[in-house]
Amino acid sequence: AQTVTQSQPEMSVQEAETVTLSCTYDTSENNYYLFWYKQPPSRQMILVIRQEAYKQQNATENRFSVNFQKAAKSFSLKISDSQLGDTAMYFCAFMGGSGGTSYGKLTFGQGTILTVHP
Amino acid sequence: NAGVMQNPRHLVRRRGQEARLRCSPMKGHSHVYWYRQLPEEGLKFMVYLQKENIIDESGMPKERFSAEFPKEGPSILRIQQVVRGDSAAYFCASSPGTENYNEQFFGPGTRLTVL
Chain R
1 AQTVTQSQPE MSVQEAETVT LSCTYDTSEN NYYLFWYKQP PSRQMILVIR
51 QEAYKQQNAT ENRFSVNFQK AAKSFSLKIS DSQLGDTAMY FCAFMGGSGG
101 TSYGKLTFGQ GTILTVHP
Chain D
1001 NAGVMQNPRH LVRRRGQEAR LRCSPMKGHS HVYWYRQLPE EGLKFMVYLQ
1051 KENIIDESGM PKERFSAEFP KEGPSILRIQ QVVRGDSAAY FCASSPGTEN
1101 YNEQFFGPGT RLTVL
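Respectively, the protein sequence lines represent chains R and D.
For the first sequence, this note's numbering assigns the number 1 to the initial residue and increments by one for each residue that follows.
For the second sequence, this note's numbering assigns the number 1001 to the initial residue and increments by one for each residue that follows.
Bound-form chain R, shown alone (with noise of 0.2 Å):
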């Protein structure tokens, strides 16, 4: 079964500065996507980006990029120049890919609160 780990509860960043969170996962699947989802005060799940396993190179959404170690088996997410709106839940999610026993499901991390302070 696959696991995914979020140890950081809780981060703090004031507004223009840079935050990386946390995640790792366990998995005996090659074949695999993982994500970092936004939950807003709202409840709304947002995708904010996606990493294939089978690529190197580390995913980059303006703001926002991974750092992919695939042999560590580590995914955290960095936010650049944080902005008050980014003040949400942040849950770090893997799904295994076609063919796999956990293609289709999310797997979430229990999710780590960012606070970004004016």
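Worth flagging that the hints you see were computed from the coordinates, not collected in a lab.
Treat the hints loosely; a few may be bogus.
[Stated by the list, open to error] Heads up, incomplete: computed chain R residues facing chain D, CB under 8 Å, no partners named:
#, residue
1, PRO41
2, GLN44
3, VAL48
4, PHE91
5, GLY104
6, LYS105
7, LEU106
8, THR107
9, PHE108
10, GLY111
11, THR115
[Stated by the list, open to error] Beyond 10 Å from chain R on every Cβ pair, some chain D residues (computed):
#, residue
12, PRO1008
13, ARG1014
14, GLU1041
15, LEU1043
Glycine included, each C-beta is placed from N, C-alpha and C at the ideal position.
We have chain R; now place chain D onto it with these hints.
For chain D alone, coordinates are given in the frame of chain R:
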């Protein structure tokens, strides 16, 4: 293109009653997923459905819970004889069902409170 819709957004039930949660996937999406989020926790997978077919129900409690996705109409998550421990936010997601990667788009959730 409307997103994933869930209703009701809030549902209050007394212990022993039935709860029915509805999910209408995005247009063109044939795969539906249900997740449960207990207070202060991450989302937990419950069930993965295609039209008229359950693909994976490994996360569903063995009793009182059932899900369907009929040929016509929304997907339904049904909880019979609710207990206080069923109080949670229930999220539905849908995907187009492509081969390699099923990006899941989430609805706003239904918050169930059991009195």
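Hints, one by one, checked against the model:
no.	hint	verdict
1	PRO41	violated, 12 Å
2	GLN44	holds, 5 Å
3	VAL48	violated, 13 Å
4	PHE91	holds, 5 Å
5	GLY104	holds, 5 Å
6	LYS105	holds, 4 Å
7	LEU106	holds, 6 Å
8	THR107	holds, 7 Å
9	PHE108	holds, 4 Å
10	GLY111	holds, 5 Å
11	THR115	violated, 16 Å
12	PRO1008	holds, 14 Å
13	ARG1014	holds, 24 Å
14	GLU1041	violated, 6 Å
15	LEU1043	violated, 5 Å
The structure fails hints 1, 3, 11, 14, 15 (numbered hints given earlier, in ascending order).
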